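J.: One letter stands for each residue in the lines below.
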Amino acid sequence: MTPEINLTRDPAHLRHGSNIGQPLTRRDGVLKVKGEARYAADNHPPGMLYAVIATASIARGRVTSLDVAAARRHPGVVDVMTPSHKPQLAEDPDAKTNPFAFRMEVLQSDEVRYANQAIAVVIAETLEAATEGAALLSPRYDVAPARVGLDADESYTPPVVGLGNPAEVHHGDADAGLAAASQRIEAIYETPAQYHNAIEPHAIVAAWNGDRLSIDTPSQGMVLAQMRIGGLFGIPPGNIHIRSPFLGGGFGSKGLVAGPQILGIMAAKLVGRPVKLVLRREQMYGPVGHRPPTRQRLRIGVGSDGALTAIEHHAKVTTSSFDDFYEPAADVSHALYATPAIKTSHEALRVDSGTPLFMRAPGEATGSVALESAIDEAAFACGIDPLAFRLKNYAEVEPATGRPFSSKALRECYAKAAERFGWSRRPLAPRQMRDDAGFLVGWGMGTAIFPALMFQGNARAVIRADGTGAMETGAHDMGQGAWTALAQISADALGLDLEQVAFKSGTSDLPDAGIAGGSAHTATVGNAIHNAGAAVIAKLAGLATSDDRSPLFGAGNAGVIARQGRLHRRDDDVRSESYADILARAGLAEIDASGSGAADPAAQSQYAMHAHGAVFAEVKVDPNLGQVRVTRMVGAFAAGRIINPRLVQSQLYGGMIWGMSFALHEEAVTDRRSGRILNANLAEYHVPVNADVPPMDVITVDEHDPHVNALGIKGVGEIGITGSAGAVANAVWHATGIRVRRFPIRIEELVTGLSD
Amino acid sequence: MMNFDYVRPASVAEAIGAATEPGSVYLASGTNLLDLMKGGVSRPSRLVDVTRLPGLDRVERLADGSLRIGAMVRNADLAHDPDFAKAYPAVAEALLSGASGQLRNAATVGGNLLQRTRCAYFYDVASACNRRAPGAGCDARHGENRLHAVLGWSEGCIATHPSDFCVPLVALDAVVEIEGKRGRRELSLEALHRLPGDTPERETALEPGDLIVALRLPAEARSFAAHGRYIKLRERTSYAFAVVSAAASLRIEQGRIGEARLALGGVAAKPWRARAAERLLAGASLDAAVYREAARAALADAKPSGDNAFKIELAQRIVVRALTLAAAGTPALMPALPGSPFSSVSGTRA
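Which chain is which? The protein sequence lines are A and B, in order.
Residue numbering for the first sequence follows the numbering used here, beginning at 1 and increasing consecutively.
Residue numbering for the second sequence follows the numbering used here, beginning at 1001 and increasing consecutively.
One chain only, chain A, in its complex shape:
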């Protein structure tokens, strides 16, 4: 069943010209408010059983025994899946079959690679029976010492960072640049392990029918999931039907199908019945990726004129003991500030954790907080206002490559956000401002940047005999608003009003929309939709302009435009014909056409493509107790064409709040002896609550970009974090004069330096 979402349109939705650019509310909002949006774990096919994972309490070693008999004896338990009792897989789950294939633990051995790893799965008639069965397994272990933290083991230079970026990049001579500098800053910043913590846990409902598999699971990449699952189970990817209409957040953790989801499918195969498997919160701290801890050293040289002479950015990161993902933290320094010399490098070590993976702005978020802090330190060392310093070192071309930017309205972002914030009244020195109640007040800023990426995506456009249209694409709505924004693009692509377009999405039987990641989904799928719409309109125009009974006869395909369900001659607007009339005369029930969206390699090699922004933050700090409170944030962002300003504003708010969270709240605490994460729950792993979130302003700066793609879209999913964490950290310094270089900023770091 393909979900179809009907539009309820309030007067705010009245169309004024193009659908693109309208601040429509979410089309799925009413469903969600009424609890009618069906998430993966809401499905209960007949005969379904519940599977619960038993997890390792050690971080490294082997399972030597499991009391399977005790679990099996428990009333309601149907089966216990273990390394010695499980369906055979067609492919080694540790085989690196493609760059997106990360190793996973699906009971292939008794080895334990990290705490919270699956070591067995109990399948039962009820969730409670499966849960108790898992508790009764009482595992025993052969324990090896856990490696925890950034100094746990020998380090090495990773082969690549991120997805295939070089681990070291040199541009110019950084050593010479530093030697020639009149001011040099060297500082080390540390960021902690962080976990995605989407509110919806990873869940799967899997049902086999012969060699066909039907699954409900939240996914940011259904076709990648089909390929991975098909490979593991030895069935064609097309035999796998995935429904993923709604995600309760993904943030990268649902980009690739993870071990627990495969275990759910294996469990269904083992028992021959549909099975539901939902991770508990603490089980999300391990097998579904995380942001690794980093230790970053920045060396910045500045000449007597305030111009940068060099940026050297070195990042040490962790990866797992058994796979390779390296947070590209230093790469953020490639594109932001003009300097004749850039050197970035990475260093890695293996620890006994799950494999780190993409987490909202992977590399950019960690790198930005260090770079923006260091730039702030450099500005102060030079006695220059932080904004003036950034403007002085404004990059007119991409510093590491010399390529021109496809568009870059960062100057406007700085100007608009600074004005809204009132930045010009900021004293240069720290600890100069107090409010009426005597709290220290500090103002800080950071520059936001995120690459404008595109993946590959497809869409199918349909025009029906009644003159309405449909657009089909297997896109992913993680909560960011794809159901709405992509429908808006669809309506414009088809020359129809939004109500006249059935927008179908969220299942794997629709055209492959690629992956919802890299802030690239709207750009990728939007352009696929745009091209599919253009193709079907061209087909329709072909029917009309070659038919001598049509008023458009002889106009040629390029001689007509589509508008509100009619084709018009470009050179004579009154000559037009409705879609329905054209199809009726041709005797067709519908016509369709496909389109794809992908980056243009020629434009990509010629231009540097990035979204930019500027974030300003005010904090208040208790001068004696050291407690910090963010009291306002202003961000201005230039991210190409904005499809839906309301949704974009929400994305940017969310990113800025995440940045504040990065600066002040989030940290996974691991016991240094056992390797177990001690705060794997939402009570103790802190993210901001409503009361932490200050009044916020988001300004979107118009930016016309003819190079990124036909629609001019850059993407807004991740940029809001970058710049924001640094802005908050810099504001804390400005309030207190204390530079905290370990994140999150803790009260103990401030309290000893404060006295009143």
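What the hints contain is simulated information worked out from the structure, not anything from laboratory work.
Model, not experiment: these values are computed from the prediction.
We put the beta carbon where it would ideally sit given N, CA and C, even for glycine.
Check each hint, because a few of them may be wrong.
Some chain B residues close to chain A (C-beta under 8 Å, calculated; not the full set) [claimed, not checked]:
1. Ala1240
2. Leu1314
3. Ile1318
Calculated cross-link-like contacts (lysine to any residue; reagent style SDA-like; alpha-carbon spacing at most 20 Å) [to be verified]:
4. A:Lys539 / A:Glu590
5. B:Lys1038 / A:Arg280
6. A:Lys86 / A:Met48
7. B:Lys1038 / A:Glu590
8. A:Lys539 / A:Asp466
9. B:Lys1038 / A:Ala135
10. A:Lys269 / A:Met48
11. B:Lys1038 / A:Leu682
12. B:Lys1038 / A:Leu127
Let chain A serve as the given structure and place chain B on it in line with the hints.
T.: Showing chain B alone in chain A's frame:
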């Protein structure tokens, strides 16, 4: 599933009978107990639901001027009772600084007194914890312990008591009324919670079957109404336990402190009454130097149990702050952010 009996007794006597058997525990709203059961930290064989026992949900003024609060009164109801907040402002502020709105709506007065520590090693059943498994050892002692106790801890346990509510209560000489196998008795709240010593598993002075039926604030507790505050440092503005907290209540007579009541939270396995500081403050002038001296006295016996030396300094500072704010007077309205040093701050436009 993990099977257990669930009984809903009709009377206090019946409840005590049901709860006396080994493996039985009382269930109030379960905001703590059910989490502990889900995590396998607590595996009772019988839950005795006391939420519907008659007569335990009333707040009444007794003839001697004391206030008797039934054990099943909800935290939110008590905190939002205007008469209560006016008479015992530090208690109301502490209640509203705790947990979240949803939890306060569910949690009961009696249950709050008996909530368990939030030490991560207590919750992690794979860790050694003397409180959970006597004799197992204490993995917190040399583990991640920046938020652990600085007062009254032992080598066997460095956990803290998490309650905000109990901190001003212990300062105001609250008394708990207990029904048990041998009838009714009373205990000062200060004597209810135990320090760990060699027996950290014995968290309270309660005996099997004992049921807290009411909490009583003595008549004298009202005499601090004009100068009562609860200040709590925490790592986010709501839904976070105290790093350190302090309840200060003063009776000011002719410009001097007639009597002071002071207690700290987040520093020990029990709400920590600072009697030495109170003695220093009695009769003293309203002076920052006096508050600092009192703070030093309150923390005189403190020592770090791990990476938490900062808490000793922080606790002294929060004592000074709580005394300063209490001396300035109870706010006419409950602060928008109860317990926060930023209680009056909101975002401002430049």
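J.: Holds or violated: B:Lys1038 and A:Glu590, Cα atoms, limit 20 Å.
T.: Given that 20 Å is the threshold and the Cα spacing comes to 56 Å, the pair is violated.
J.: Would you check the hint for B:Lys1038 and A:Arg280, treating anything up to 20 Å between C-alpha atoms as holding?
T.: Since the Cα atoms of B:Lys1038 and A:Arg280 sit roughly 11 Å apart, the hinted pair holds (cutoff 20 Å).
J.: Taking 20 Å as the top limit, are the C-alpha atoms of A:Lys86 and A:Met48 close enough?
T.: Holds. A:Lys86 to A:Met48 sits at ~18 Å (cutoff 20 Å).
J.: Once the shortest beta carbon distance from B:Leu1314 to chain A is found, is it less than 8 Å?
T.: 6 Å, holds
J.: Need the status of pair B:Lys1038, A:Ala135: alpha-carbon distance at most 20 Å?
T.: Since the Cα atoms of B:Lys1038 and A:Ala135 sit roughly 10 Å apart, the hinted pair holds (cutoff 20 Å).
J.: Can the hint on B:Ala1240 be confirmed by a CB-to-CB distance to chain A that is less than 8 Å?
T.: 7 Å, holds
J.: Going by Cβ atoms only, is B:Ile1318 closer than 8 Å to chain A?
T.: With Cβ-Cβ at 6 Å, under 8 Å, it holds.
J.: Given the hinted pair B:Lys1038 and A:Leu127, is their Cα-Cα distance within 20 Å?
T.: Distance ~12 Å between B:Lys1038 and A:Leu127 Cα, so the pair holds.
J.: For the pair supplied as a hint, A:Lys269 and A:Met48, confirm whether the alpha-carbon distance does not exceed 20 Å.
T.: Distance ~12 Å between A:Lys269 and A:Met48 Cα, so the pair holds.
J.: Can the restraint linking B:Lys1038 and A:Leu682 be considered satisfied, given a maximum Cα separation of 20 Å?
T.: Holds, at about 15 Å.
J.: Just to be careful, I want the Cα atoms of A:Lys539 and A:Asp466 compared with a cutoff of 20 Å; is the pair within it?
T.: Roughly 16 Å between the alpha carbons, so the hint for A:Lys539 and A:Asp466 holds.
J.: For A:Lys539 and A:Glu590, compute the direct alpha-carbon distance and say whether it is at most 20 Å.
T.: 11 Å, holds
Violation of the numbered hints given earlier is confined to hint 7; every other hint is satisfied by the structure.
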